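Chemist: Chains A and B supply the protein sequences, listed in that same order.
With the numbering used here applied, the first sequence covers 1 to 276.
With the numbering used here applied, the second sequence covers 1 to 235.
Careful, some of the hints might be misleading.
[Unchecked claim] With a straight-line Cα cutoff of 27 Å, these simulated DSSO-like cross-link-like pairs (lysine-lysine) come out:
#1 B:Lys108 - B:Lys120
#2 A:Lys222 - B:Lys153
#3 B:Lys108 - B:Lys153
#4 A:Lys222 - A:Lys138
#5 A:Lys222 - B:Lys120
#6 B:Lys153 - B:Lys120
By construction, these hints were calculated from the structure, which means they are not laboratory data.
All values derive from a computational prediction rather than experimental measurement.
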Amino acid sequence: MNTIILYLQYPFVRYALIVGTLIALCSSLLGVTLVLKRLSFIGDGLSHVAFGGIAIASVLNLTDQMLLVLPVTVLSAILLLRGGRNRRIKGDAAIAMLSVGALAIGYLLMNLFSTSTNLSGDVCSTLFGSTSILTLTKTEVWLCVVLSVVVLAVFVLFYNKLFAVTFDESFAQATGLPTARYNLLIAVVIAVIIVLAMNLVGSLLISALVIFPALSAMRVFKSFRSVTVCAGILSLVCALAGMLISILAGTPVGSTIVAADILAFAVFSLLGHRKA
Amino acid sequence: MAQIICDNLTLGYENTRLLTGLSFQVNAGDYLCIVGENGSGKSTLVRTLLGLQPPAGGTIRFSDGLSAREIGYLPQQTEVQRDFPASVREIVLSGCQSRMGLRPFYQKEERALAESNMEKLGIQTLAERCYRELSGGQQQRVLLARALCATRKLLLLDEPVSGLDPFATNEMYHLIAGLNDEGISIIMVSHDIDAALRYASHILHIGGSTFFGTAADYAASPIGRRYLELGGSRG
Chain A
1 MNTIILYLQY
11 PFVRYALIVG
21 TLIALCSSLL
31 GVTLVLKRLS
41 FIGDGLSHVA
51 FGGIAIASVL
61 NLTDQMLLVL
71 PVTVLSAILL
81 LRGGRNRRIK
91 GDAAIAMLSV
101 GALAIGYLLM
111 NLFSTSTNLS
121 GDVCSTLFGS
131 TSILTLTKTE
141 VWLCVVLSVV
151 VLAVFVLFYN
161 KLFAVTFDES
171 FAQATGLPTA
181 RYNLLIAVVI
191 AVIIVLAMNL
201 VGSLLISALV
211 IFPALSAMRV
221 FKSFRSVTVC
231 AGILSLVCAL
241 AGMLISILAG
251 TPVGSTIVAA
261 DILAFAVFSL
271 LGHRKA
Chain B
1 MAQIICDNLT
11 LGYENTRLLT
21 GLSFQVNAGD
31 YLCIVGENGS
41 GKSTLVRTLL
51 GLQPPAGGTI
61 RFSDGLSARE
71 IGYLPQQTEV
81 QRDFPASVRE
91 IVLSGCQSRM
101 GLRPFYQKEE
111 RALAESNMEK
121 LGIQTLAERC
131 YRELSGGQQQ
141 RVLLARALCA
151 TRKLLLLDEP
161 VSGLDPFATN
171 EMYHLIAGLN
181 DEGISIIMVS
191 HDIDAALRYA
201 SHILHIGGST
211 FFGTAADYAA
221 SPIGRRYLEL
231 GGSRG
């Protein structure tokens with residue numbers, strides 16, 4: 001306990017906790033929609049694109065990598081989610097293609113043009129997030145906070161519409177909902193979340209942050225609202241627990257959070273089993 | 001008064017034409033059954049009527065105060081819905097989206113509408129239950145209640161009894177007939193030719209040769225007799 005209080009006196013630890021919980025909350029909310037729309041893998045694909053973006057940004061020596069990574073990822077998300085149900089299989093292949101392609105090109109570029117002396121360390125921290133959450137500048141923290149609040153607001157305002165589009169796209173479209181526009185909105189929001197979450201868990205582990213809380217909540221709860229609320233709270237708790245444990249035990253932040261999410265999933269599966 | 005007038009309609013996608021020269025109309029209070037073999041274009045006709053896909057030729061006109069957005073649609077169940085965590089009330093409420101515009105939250109009016117439609121279909125006791133745990137017949141009622149939230153005039157039902165047991169099938173037909181008696185026009189895609197003749201006022205047969213007319217005329221027509229002998233297409 002004392003160690004935690006000691007650590008909390010450092011501003012970078014406080015930043016990390018604030019940003020971490022906000023990101024975890026945001027990423028879990030859309031998880032329910034993505035899991036139900038059979039798009040669980042899109043997080044993975046987009047995060048690899050973001051990795052490629054970071055590689056390019058570091059080769060170009062950009063000081064603010066977000067400026068390049070965010071638009072590139074948003075654009076990829078729009079391309080991937082466009083088309084909807086008529087192109088489901090094609091969409092699957094497109095995700096796989098884009099994701100490994102971006103990963104390979106990104107690594108290649110970093111190898112060819114890197115100015116850093118610790119290349120494998122750089123790559124590793126981009127993929128697994130290791131320490132970046134603890135080295136956030138004040139600007140980055142504010143950017144994260146603002147983007148998180150925007151994501152949360154969009155989600156709350158469009159909650160009922162997202163439900164309608166997720167549950168039954170044909171019906172929603174037939175009754176006049178502009179479903180294409182809402183799919184676009186989902187794509188943009190998920191891309192923003194992924195770029196944010198790269199700071200927290202790195203690009204390989206983002207999918208876990210998106211899908212685990214949603215899947216856990218779905219084991220136990222029966223309505224869309226309770227599943228969504230539970231996923232949000234669960235993700236928040238797991239992120240907080242993961243970060244505190246990683247501070248105390250010196251484990252990597254990203255994988256500790258994901259481990260907490262996996263543990264929660266196991267517990268919720270058991271609970272759901274007993275209830276049934 | 002005619003609510004929907006289809007004139008010389010061509011159905012299909014860019015290079016494949018499923019059906020040409022289709023003309024029929026639906027008047028207020030009609031009960032129209034669309035029958036035909038698999039692949040004859042029934043689903044495409046449904047999607048075209050709903051405005052989900054443009055007609056490849058010809059026109060669809062909505063009149064008598066009906067707009068394309070006011071059709072209550074009962075789609076076939078999708079894979080996603082089978083394990084969707086949603087309560088009955090949430091699903092029925094989502095039928096009100098068409099009247100919401102950009103307004104983000106439901107108000108009293110929508111909630112009351114959802115409650116009254118649940119009551120009408122006898123599912124108000126299931127309001128808090130999870131959709132995926134209901135029986136097939138109950139699930140169809142939920143979707144029907146949702147469709148009613150979207151319309152006061154016309155329901156379009158895409159094979160509403162497929163996958164239901166005989167008891168639930170019978171109940172579903174009674175419910176639909178009851179709604180028709182209240183003045184809601186019905187358009188139903190069906191494989192069940194016997195029920196179609198028993199309940200429907202008009203029949204539209206597509207694929208091969210086309211027939212449009214009253215149910216009695218259909219039963220007497222050559223195409224209708226041939227189809228009846230086969231017992232409709234199964235599946």
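Chemist: Hints numbered earlier in the text: which of these fail when held up against the supplied structure?
Modeler: Those not satisfied are hints 2 and 4.
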